[in-house]
Amino acid sequence: MNAPAIDIRGLGKSFGRSVVLDGLDLTVPRGEIFALLGANGAGKTTTISILTTLQRPDRGTAAVAGFDVTTNPDAVRQRIALTGQSAAVDDMLTGTENLVMLGRLSGLSPRRARARACELLDRFALTDAATRGVRTYSGGMRRRLDLALSFVVVPDVLFLDEPTTGVDPRSRRDLWEVIRSLSDAGTTVFLTTQYLEEADQLADRVAVLDAGVIVATGTPTELKALVGTDTVVLTDADGAVVREIPTDGSVTGLRAAIDELGVDDVPGAEVTLRRPTLDDVFLSLTGAPGEASAPAFDTAEEFA
Amino acid sequence: MTAIAAPAAATTVPRPHLRGFTAEAVFVRRSMTQSLRDGESLSMSIMLPVMLMLLFTFVFGGALDPAGSYVDYVVPGIILLCAGFGAATTATYVARDMSSGIIDRFRTMPLRSGAVLTGHVISSLARNLLATAVVIGVALLVGFRPSAGVAAWVGATAVIALYILAITYLFAAIGLAAGSPEAASGYGFILLFLPYLSSAFVPVDTMPTWLQWFADNQPITPIIETIRGLLMGTGLGTEPLWAIGWCALIIAGSAVWGAWLFGRKSGRR
Numbered sequence: 496m497n498a499p500a501i502d503i504r505g506l507g508k509s510f511g512r513s514v515v516l517d518g519l520d521l522t523v524p525r526g527e528i529f530a531l532l533g534a535n536g537a538g539k540t541t542t543i544s545i546l547t548t549l550q551r552p553d554r555g556t557a558a559v560a561g562f563d564v565t566t567n568p569d570a571v572r573q574r575i576a577l578t579g580q581s582a583a584v585d586d587m588l589t590g591t592e593n594l595v596m597l598g599r600l601s602g603l604s605p606r607r608a609r610a611r612a613c614e615l616l617d618r619f620a621l622t623d624a625a626t627r628g629v630r631t632y633s634g635g636m637r638r639r640l641d642l643a644l645s646f647v648v649v650p651d652v653l654f655l656d657e658p659t660t661g662v663d664p665r666s667r668r669d670l671w672e673v674i675r676s677l678s679d680a681g682t683t684v685f686l687t688t689q690y691l692e693e694a695d696q697l698a699d700r701v702a703v704l705d706a707g708v709i710v711a712t713g714t715p716t717e718l719k720a721l722v723g724t725d726t727v728v729l730t731d732a733d734g735a736v737v738r739e740i741p742t743d744g745s746v747t748g749l750r751a752a753i754d755e756l757g758v759d760d761v762p763g764a765e766v767t768l769r770r771p772t773l774d775d776v777f778l779s780l781t782g783a784p785g786e787a788s789a790p791a792f793d794t795a796e797e798f799a
Numbered sequence: 555m556t557a558i559a560a561p562a563a564a565t566t567v568p569r570p571h572l573r574g575f576t577a578e579a580v581f582v583r584r585s586m587t588q589s590l591r592d593g594e595s596l597s598m599s600i601m602l603p604v605m606l607m608l609l610f611t612f613v614f615g616g617a618l619d620p621a622g623s624y625v626d627y628v629v630p631g632i633i634l635l636c637a638g639f640g641a642a643t644t645a646t647y648v649a650r651d652m653s654s655g656i657i658d659r660f661r662t663m664p665l666r667s668g669a670v671l672t673g674h675v676i677s678s679l680a681r682n683l684l685a686t687a688v689v690i691g692v693a694l695l696v697g698f699r700p701s702a703g704v705a706a707w708v709g710a711t712a713v714i715a716l717y718i719l720a721i722t723y724l725f726a727a728i729g730l731a732a733g734s735p736e737a738a739s740g741y742g743f744i745l746l747f748l749p750y751l752s753s754a755f756v757p758v759d760t761m762p763t764w765l766q767w768f769a770d771n772q773p774i775t776p777i778i779e780t781i782r783g784l785l786m787g788t789g790l791g792t793e794p795l796w797a798i799g800w801c802a803l804i805i806a807g808s809a810v811w812g813a814w815l816f817g818r819k820s821g822r823r
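Protein chains in written order, with my numbering: chain A, 496 to 799; chain B, 555 to 823.
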C-alpha cells in the first residue's frame, strides 16, 4: 500500500460549455492534511465530487487510496468518507440512531455498531445530545456529528468539503482540533476551504485552485515565501496606513526601511512589521481574494 | 473540546460489501422510524380517506343511491384514494433525502444503489396497509357489507398491496425528479385526481362519452373493478388481468425511470 492517498493527472470536467476543471495535477501522500484553497466557483466541490465517485471526470485520471475512481469506484468507496457542505445527517433520527445506521451500513454487527456509536458520541462531545433528534442540534453539533459519521469506520482518506463554512469562530476552532486528531489516527485528510486562515492553521500542504487549474502548491510557509518577505508598515495617529516598504527581515534592512519611511513627517506615527499571509499569496496568484471568479470559457479550445 | 481524543483503531480496514439485504433492512428500519416520527403525515394519510368515506357515504350517498348501499360501492375507491395519499408521502421523503447531503454520503459508500429507495417503498407499503386496514374497519362500522370469502379477501389484499407498491414506486420516482420536497408533493397532487375519473365513485356509463373512453382505459378502473369484484361478488371478467398488467407496467416503468434519475442526480452539485 505505497500508492499515494490521492493521485490526480490531467483531470478535466466541463458542464456544457463551462470548463470547471482544466487539467488538474495533484499528488497527496498518505497521512497528510491537504487543503485545496480557492474562491467560490474555482472547482473545489467538483474536484471532491470526482474523487469521491459522485461525478465522473471528462478527461484525465484520478486514483484514491491506489484505486481509480472511474474504473474501480467500489474499491474507492470502501476506503473513503465524505463530509459535504450540507451536513449529511438524518434530521428525523437521533444522534445515536444516525451513528448506528452508518455502522450497520459499514458492515458492523448491531452490537458493535451500538458500541461504536457510544464511543464516537463521547469523543465528539455529543453524549448529552445522543437521544435528541438531530433537528434540535446547533450548527456546530451537526458538523461534529457529521464528522463522527465519517469515522464510524476509520477511512483511508477523509474528504471534507468546506468543513467550517457557516460555523461560528469558536466551533471552527473546535472542529480544527477534531480534524487534527482524526489525522493523527492515520487518515489522510483532503479538505477544501475558502478560508485562508483555515488552510494556514490546519494543512500540511496547500494547493491554490483558480478557474479550474492549480496555480501553486506547497506548505503554507513556502507559499508565503512566494510573495516576498516581511513588510514594514507606517500608520498615522488614526491608524491609517501611510506607507508600506518590503524588507528582508534583517536588522539592517529594517533600519533602512524605517529611515526610508519618513517617520518624522507623520505626527503620532507607528511602525509595525507585517508578515506575509496566505491572503497575500491568494491575492497575488488569483487576482481577487474570496471573490467568485468566472469559469474559464476561453480556455476550452486548448483541451477540446 | 480539548477532551476530544483521536478515535482509536489506527488500522484502517476497508468497509466490507454488505451481505444479502442488510442495507435494505437498515433503510427500511430508517424509513419506518421516520414514518412513525412524522405523526402528522401518518395521521393525515389515515384521517383524510376516512373523512372522504364518511362524506361520500352520508352526504353524497343518499343522492347517488337512495337505498343506502352506496358505501358498498365506494369502499374500493376510498381504499385506492387512501393508498394514493399514503404513497404521496414517499415522494416527499425521497425528495428530502435527495435535497439533503445524506444521499451523497450513501452514494460514497459501497452500497447497492437504490437500497435507500427500497427502504422508502417497503415502509410505504407497511404504512399504507395499516391505513387501509383502518379504512376498512371504519367502513364496516358505517355499514359496509362485503360478500367476500377468505380467498377473495386474500386476493383483494394482494391486489391492494400490488397497487400500493406500484403507486409508491411511481411517487418515489416523482420524488427523485422533483427538485424539492415541496415540488414533489405538488406534482403528486395531480395523480390523486385519477380515481375521480374512474369507476371509483360513480359508474363509468353515467359520464359523458369522451370521459367514458378515458375512464374505461385508465389503470384505476380495472383495479377498482377487481377489488370490487372480489369483495362484493360483482363480475370480474378480464379486469384482474388488466389490473395486474397495469400495476406491473407502472412498477417496471417507475423502476427504470427511478434508476435513471438516481444515477443522474449525483451531478446536481
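Hints listed in this document are in silico derivations from the structure and should not be mistaken for laboratory results.
In this text, a Cβ means the ideal position worked out from N, Cα and C, and glycines have one as well.
Where hints are given, some of them may not hold.
Stated by the list, open to error - Here are some, though not all, of the chain B residues that point toward chain A, as calculated from beta-carbon distances under 7 Å: (1) Leu590; (2) Arg591; (3) Gly655; (4) Arg661; (5) Pro664; (6) Arg666.
Results of checking the hints against the structure:
At its closest, the beta carbon of Leu590/B sits 10 Å from a beta carbon of chain A; the interface hint therefore is violated under the 7 Å criterion. Here the hint on Arg591/B is kept, as its CB sits about 5 Å from the closest CB of chain A, short of 7 Å. For Gly655/B, the interface hint holds, the least distance from its beta-carbon to any beta-carbon of chain A being 4 Å, beneath 7 Å. Taking 7 Å as the C-beta contact cut-off toward chain A, the hint placing Arg661/B at the interface holds, the least distance being around 6 Å.
With a least beta-carbon distance of about 4 Å to chain A, the hint placing Pro664/B at the interface is held under the 7 Å criterion. Proximity of Arg666/B to chain A is violated relative to the hint, the smallest CB-CB distance being about 11 Å (cut-off 7 Å).
Of the numbered hints given earlier, the model fails hints 1 and 6; all others are met.
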